[in-house]
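Protein sequences appear in the order of chains A and B.
Convert by adding 3 to the 1-based position in the first sequence; the result is the number in the numbering used here.
Convert by adding 140 to the 1-based position in the second sequence; the result is the number in the numbering used here.
Any given hint might turn out to be false.
Unchecked claim - Derived CB-CB ranges, DEER-like: (1) L227/B to D249/A: 23 to 33 Å; (2) R130/A to M210/B: 35 to 45 Å; (3) D75/A to A287/B: 47 to 57 Å; (4) N156/B to R130/A: 34 to 44 Å; (5) D294/B to D72/A: 52 to 62 Å; (6) D249/A to R228/B: 20 to 30 Å; (7) D183/A to K146/B: 26 to 36 Å; (8) H161/B to A181/A: 38 to 48 Å; (9) N116/A to L227/B: 48 to 58 Å; (10) D239/A to D294/B: 27 to 37 Å; (11) D73/A to L227/B: 45 to 55 Å; (12) M210/B to T84/A: 45 to 55 Å.
Claimed, not checked - Pairs of lysine-lysine, BS3-like flavour, derived with a Cα cap of 30 Å: (13) K146/B to K246/A; (14) K246/A to K288/B; (15) K198/A to K142/A.
FYI, nobody ran anything at the bench for these hints, they're computed from the structure.
Even glycine gets a Cβ: it sits at the ideal position worked out from N, Cα and C.
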Amino acid sequence: MSKRIEADDVSAWFGAFKAVEGVSLTIEPKQVTALIGPSGCGKSTFIRTLNRMHEVTPGARMEGSVTLDDEDIYGPGVDATTVRRTIGMVFQRPNPFPTMSIRDNVAAGLRLNGVRKRATLDEVVERSLRGAGLWDEVKDRLGKAGAGLSGGQQQRLCIARAIAVEPEVLLMDEPCSALDPVSTLIIEDLISELKDRYTVVIVTHNMQQAARVSDVTAFFNLAGAGEPGRLVEVGDTPTIFTKPQDERTEAYITGRFG
Amino acid sequence: MVETRKQFHEELDELNADVVHLGALAAEAIHAGTDALLNADLGAVEQVVAADRVLDELTHSIEERTYLLMARQQPMAIDLRTLVSILRVIHEIERTGDLMVNVAKATRRLYPNPLEPRVRGLLDRMREQAAVQLGAAIDAFADRDPAKAASLPDMDDVMDDLQKDLFRAIFATHSTDEATIQRAVQVALVGRYFERMADHAVNVAERVAFMVTGQFRHEEPQAG
Ligand SMILES: Nc1ncnc2c1ncn2[C@@H]1O[C@H](COP(=O)(O)OP(=O)(O)OP(=O)(O)O)[C@@H](O)[C@H]1O
Ligand SMILES: [Mg+2]
Chain A
4 MSKRIEADDV SAWFGAFKAV EGVSLTIEPK QVTALIGPSG CGKSTFIRTL NRMHEVTPGA
64 RMEGSVTLDD EDIYGPGVDA TTVRRTIGMV FQRPNPFPTM SIRDNVAAGL RLNGVRKRAT
124 LDEVVERSLR GAGLWDEVKD RLGKAGAGLS GGQQQRLCIA RAIAVEPEVL LMDEPCSALD
184 PVSTLIIEDL ISELKDRYTV VIVTHNMQQA ARVSDVTAFF NLAGAGEPGR LVEVGDTPTI
244 FTKPQDERTE AYITGRFG
Chain B
141 MVETRKQFHE ELDELNADVV HLGALAAEAI HAGTDALLNA DLGAVEQVVA ADRVLDELTH
201 SIEERTYLLM ARQQPMAIDL RTLVSILRVI HEIERTGDLM VNVAKATRRL YPNPLEPRVR
261 GLLDRMREQA AVQLGAAIDA FADRDPAKAA SLPDMDDVMD DLQKDLFRAI FATHSTDEAT
321 IQRAVQVALV GRYFERMADH AVNVAERVAF MVTGQFRHEE PQAG
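Sequences are here, hints too, so could you generate the full structure?
Pasting the structure below:
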């Protein structure tokens, strides 16, 4: 588990509009990489090219290459669904299957993979819920609907669902932006634990969150309206937040523009 | 692009200005305290002591506002380095103020006997040197100028030489009577205070270099 992602010269379009240009970034395993930058600079678009979610949008396409431990995820014969299972994603708004029970929410991906054995499913459900720091809170109501959980619990349920299929990489696009501060801190602790087993990429608008949870921070920026987003600077997180090299990074993280 | 943390940066600018003001108060203390000593002016000693309270209050006020900004704004990058540096810089300046109180108070111990002309001359030059170094360090802070900051160690050599000259001047009198030795000790201490002030200015400059570059001195590539 836990593989290296290498994005090489990645550009992405929505129709004729180029949203991301020429991003080359190596994402190391067993580390948390944070993507930061102003709204519209292409963070979500870029992260979605890393697990072939971008191409799901009609008219969207990308150029460049993305490899997972040297395997081209856009290579001929590579199945996009398999890629998405290997590189899991957690979204901004918790999106559990509302009518499904907590247990079935977590087991959904495994069932798709053809796992049927009750004992196996139960085991994975427990392990994933423990992994997501949710087990103690829900173990007595696994049969209840996922929609009945609090926002923070729902997000952890989504994380449990993502890790149940044992991905190599977890992509998180603003996983805490809909959560209260306590739930946010719980998820942040969880992210620190997850990195022992997964490669984690997190998009966040919260600079302090990036500073707290990540090992590496990548700053994306827009040269201007209508321009594509580009990677400006990437570095180890303490350096980015104490002495960034690029003045645009400095201006952004100190709030001199945003 | 919009400036998103206007209020914070205005407060930060205010703090920066207050640090410069604090430096100016310390520079005034250097001159007033030395004048008190050279003129054997006991009234002026009281004024130096009172002025130091103002300097202390401003130090505390800057320190408190720095902590508040850190807690409320969670500063990053240059802002973080600036606030951490301010905490260190004001401490150095505040120490300079205290040392000038010591210099001024030496006036009482030396009173009413005048200082020998050679010693007077040397103390006058040490005061100039201390003021020049403090001024350069504060300018470097105000202008965010690492080149200016880098000139401080060389300036400090001048102060070290003056201190040696002062000691030589003191020991040139071979008198062994109790009162003369007491006076010699007082003058030597005053020389030591000036030398310490100059060191504080060097420390301020070191902080400025860190603030601007983000490099700690021990991380800098060693020359040679
Ligand atoms: N489905 C879409 N169709 C057309 N344009 C899109 C689509 N999604 C995003 N874009 C555009 O692509 C650019 C990059 O958007 P993206 O969502 O990647 O930015 P972001 O950095 O994630 O912003 P935010 O921080 O606001 O989430 C923006 O100009 C956006 O308007
Ligand atoms: Mg986004």
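Here is what the structure says about each hint:
1. At about 27 Å, the CB distance of L227/B to D249/A agrees with the hint of 23 to 33 Å.
2. Range check, R130/A to M210/B: about 41 Å between beta-carbon atoms, so the 35 to 45 Å window is met.
3. Between D75/A and A287/B the Cβ separation comes to about 50 Å, which falls inside the hinted range of 47 to 57 Å.
4. Between N156/B and R130/A the Cβ separation comes to about 54 Å, which falls outside the hinted range of 34 to 44 Å.
5. Hint check: D294/B to D72/A, Cβ distance near 55 Å, so the stated range 52 to 62 Å holds.
6. The hinted range of 20 to 30 Å is satisfied by D249/A and R228/B, whose Cβ atoms lie roughly 26 Å apart.
7. With their beta carbons about 28 Å apart, D183/A and K146/B fall inside the hinted range of 26 to 36 Å.
8. The hint said 38 to 48 Å for the Cβ distance between H161/B and A181/A, and at roughly 46 Å that hint holds.
9. For N116/A and L227/B, the hinted distance range of 48 to 58 Å is satisfied, since their beta carbons lie about 56 Å from each other.
10. Look at D239/A against D294/B: about 35 Å separates their beta carbons, and that is inside 27 to 37 Å.
11. Our hint of 45 to 55 Å for D73/A and L227/B holds, since their Cβ atoms are close to 48 Å apart.
12. At about 48 Å, the beta-carbon gap between M210/B and T84/A stays in the expected band of 45 to 55 Å.
13. For the hint linking K146/B to K246/A, the alpha-carbon distance of about 21 Å falls within 30 Å, and the restraint holds.
14. Taking the CA atoms of K246/A and K288/B, the gap is about 21 Å. The hint holds against a cut of 30 Å.
15. The hinted pair formed by K198/A and K142/A meets the criterion: a straight-line CA distance of about 24 Å does not exceed 30 Å.
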